[in-house]
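Between the sequences and the hints, there should be enough to build the whole structure, so can you do that?
2 protein chains.
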Amino acid sequence: MELKGITREWDSLKKDAAARAASAAPYVKEGKIVDAKDAVALLEAVIKPGDKVNIEGNNQKQADFLAKTLCQVDPGKVHDLHMVQSVLTLPEHLDVFEKGIAKKLDMSFSGPQAGRIAEFLKEGKLELGAIHTYLELYGRYFVDLTPRVALIAATKADRHGNLFTGFSTEDTPAIVEATKFRQGIVIAQVNEIVDELPRVDIPGDWVDYVIQSPKPFYIEPLFTRDPALITDAQVLKGMMAIKGIYGEYGIKSLNHGIGFDTAAIELLLPTYGEELGLKGKICTNFILNPHPSMIPAIESGWVESIHCFGGELGMDEYVAARSDIFFVGPDGSMRSNRAFSQTAGHYAIDMFIGGTLQIDPYGNSSTATANRVAGFGGAPNMGCDPKGRRHSSEAWLKCGEEYGVKEAMWGPVHRGKRLVVQLAETFREKLAPGFVEELDAFALAKNANLPIEPVMIYGDDLTHIITEEGIAYLHKCRNMEERTAAIRGIAGFTEVGMKADPKETLRLRDLGVIKTADDLGIDMSRANRSMLAAKNVHDLVVWSKGLYNPPAKFRNW
Amino acid sequence: MELKGITREWDSLKKDAAARAASAAPYVKEGKIVDAKDAVALLEAVIKPGDKVNIEGNNQKQADFLAKTLCQVDPGKVHDLHMVQSVLTLPEHLDVFEKGIAKKLDMSFSGPQAGRIAEFLKEGKLELGAIHTYLELYGRYFVDLTPRVALIAATKADRHGNLFTGFSTEDTPAIVEATKFRQGIVIAQVNEIVDELPRVDIPGDWVDYVIQSPKPFYIEPLFTRDPALITDAQVLKGMMAIKGIYGEYGIKSLNHGIGFDTAAIELLLPTYGEELGLKGKICTNFILNPHPSMIPAIESGWVESIHCFGGELGMDEYVAARSDIFFVGPDGSMRSNRAFSQTAGHYAIDMFIGGTLQIDPYGNSSTATANRVAGFGGAPNMGCDPKGRRHSSEAWLKCGEEYGVKEAMWGPVHRGKRLVVQLAETFREKLAPGFVEELDAFALAKNANLPIEPVMIYGDDLTHIITEEGIAYLHKCRNMEERTAAIRGIAGFTEVGMKADPKETLRLRDLGVIKTADDLGIDMSRANRSMLAAKNVHDLVVWSKGLYNPPAKFRNW
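Read top to bottom, the protein sequences are chains A and B. If you read the first sequence in the working numbering, its first letter stands for residue 294, the second for the next number, and so on. If you read the second sequence in the working numbering, its first letter stands for residue 294, the second for the next number, and so on.
Bear in mind the hints are in silico, worked out from the structure with no lab data behind them. Just so you know, not all the hints are guaranteed correct.
It does not matter which identical chain is used: a pair holds within one copy or between any two.
Calculated pairs, DSS-like style, for lysine-lysine (alpha carbon to alpha carbon, straight line, at most 25 angstroms) [to be verified]: (1) K838 x K308; (2) K307 x K370; (3) K361 x K418; (4) K691 x K739.
Shown next as structure tokens:
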């Protein structure tokens, strides 16, 4: 045998990590502790030009001190970084590009920084790798986007580097595992360094440095919706959803997106849902952040389990006191975990339901606008038909049975289909139409030079749209023409709806592809706020028996 | 506000766990250690009738001592268990049903026990929940299939219950996190109890009891293929795959299924792949167990990274010495993790390629046979188009661009498509045909009363089939008729192939939907074993510079 193996080092990453650790050694005090005042020097010692760097930023928990610190490094020493991180929320996440410290970006969601990303792209200050769903990005951490250095956030640490992430575990395990086991460097900012942790969430062996940050990490009450702001139109759509979808299919396991539409549904379960006799038959198992608007349904005994992506401000005491429902550790506090919650949200639930900004006549929906590169977080992962699913449920089988192109696409095999539901308004605030002939995503793709239009949910994955006009059961359609007609039929007076052919709409109503509130037997006169189990935040506090502690901005009593 | 909340306990699971711990207290020695001789008593103390119980059994690592122990409990005390576990490999996994200890089963893969499951189903000894892919089952651990008691396996433990799982971490983190944070009980069998672990993989806070088992846990060399058994036909298919798919699409990130077909490809990279100038252009990032047949490609500098589901017997020293390629911990040994590898395999790679037993004229493929309930492990999760994917790559975009029904299904949106490739032989051993008019999965669904046929890969997910006759580029087909004709065109003298219309086959060759070895410019006379970079296991050992230590049954020199 002629042996052609090459001669090279096979542990260069390990040696490089050791060299970086040697440069950082002067800043390390007891155990793995580094002083906040030495944070800039630490980053300059362990980060090299061109490194892939992750700053933990997820829906809520932000490694904000380390983000600020990275902005203060000398761009002469640290530059051309490739940021691989799920969420860009803080100004500092973009400042590193302005300062020439970072160059390339791979991410999932950018919220408030979306406009600046688009601007930087145009100005050539930032090179965009791709926009991902959360789980997809975690996957790439183990393939071709492994961070060389991870800057993460935890609640507490001990001096050995063991971390307590508890209620806000979020992305931390996925980031740390990928980084540390590929010989990378993990730096944690923590709110507090203690002698003994309530429990260990991340073993100290996986963490290189711990810094007590001057202030606790930033966290946002992203999932709190004040019931006082729910409209009658949202109540109507909620009633249609419960009767025409939840009840119709027997949806037991599901995820609710963020927003007032799904908050309305949550607050209708103990009233309208109860009246329809659906308790125990729907909504028993959720994948969900701890939404305060879930409290009445939980207290009324609707819910068996909730696994959480992350936490929600003010809900920690309530969640800890409901350990039969939430995933709570031996120490008594919750453990969230976005990777497992998204896995469950992709594969183990029967329905995803959430709001959108725009839907086109093909059923593609998106929250993208022409000049904001925002991403969709976890929505595409939950709002799609997971083709690798092989377990059945009543809801999944029924939706598959109804699929209009099943013979053409599937042949003789029996399969099911995930329910993917979008709640839309024909017109939103400032008369922005909910239905458009072309999604803004097309303009954005052109403006930002993206290879694919940033569509949140694809038309062939979308099974139902609910507007105040009715429900379109899109998956029943037998071709694209029928799908388009069904969408036009519930799109009201938007440009899309105006092209509806009334005869075709009637035909689709006869076929059960479109159902109005009337068709569903819903008494419109009852569709108002009086149906809600809680009318305001104070009601939620009462339902929680005082365990829910809303942030100041939601306390108006 | 009228408050309708119910009055109930909200921490019944926690109280119940405490009561079970109290019953188990007499058997606990120092820290969390229980003697092997008390194992039966421990299980009788902590398991209650009707519990959901997980026995860790995955592709390789088996909690075999605890599986045997569970068979020895008194069925009068412990019965009607609902087993939720990914793999059933050991006889004991089925014995618990025979003995009346367990009743219901949710699983992913059953390999050698597949026939007995089918038998037990018929006899009413076992009630089947569903067959899942691995990642799907882990998702349900966090929704509606959370284990009450988990019986897991680790390499080492300390007396505080901290675990070292190292090379064979596999499913452990997913099982333990779901169980322990829903107030469940975690029992670990370990090969050794030590004072200090090489590193902590699972924190002791998450583990209740540790038992040193009389023998190290059972592990099988599942991914080892002796190059001496690779056939010339497999070499031909491998050359077609490399030229007609890997090179054609520029596949950089991928997974190889188990089997001689993909082992052939691995051994052709340093020879035929090199000759085609593809080094650095294909096969840089893998999701893969540490296949010994990957050694020549790794040593020749083809591979940048490999993340592993689990380990492979004899490969630990080689992997530890290649920390630039594999995910290796600070202690120097690998950490595998099936949950993250499957996540990456679903979302972060461009191609899945593997073998199958049967393909039908619709493109559905399956390894199911009429009287064996076997499941597919991770294949459906990787062998499907992940609809939640939002990042692009050259390969993914090209495959989407070629998709024959894209206008009909997608409308005007640009999208990509995962490559899903099946390697098939028109006739296997004993003349079993690789193409059939109806999959055995249909008979199995009827026999075992399954709601859906256990299809491994669905026709609409499958993009390419390779046989010795040629490659069918199925995704290019514009309708089911064309797809069927393309399949018949490469199905040789099987019943499916005999129905091919030669004119239609020629037309499809003109369209590039079918390509023969000739069409691909492959010199058939070179398609033989001399092309392989290693001809036998000894060659692999030489390539590895003695670091690969094959199990005895593969040492024939």
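Going through the hints against the structure:
| no. | hint | verdict |
| --- | --- | --- |
| 1 | K838 x K308 | between (56 angstroms within a copy, 21 angstroms between copies) |
| 2 | K307 x K370 | within (21 angstroms within a copy, 52 angstroms between copies) |
| 3 | K361 x K418 | within (19 angstroms within a copy, 62 angstroms between copies) |
| 4 | K691 x K739 | between (39 angstroms within a copy, 19 angstroms between copies) |
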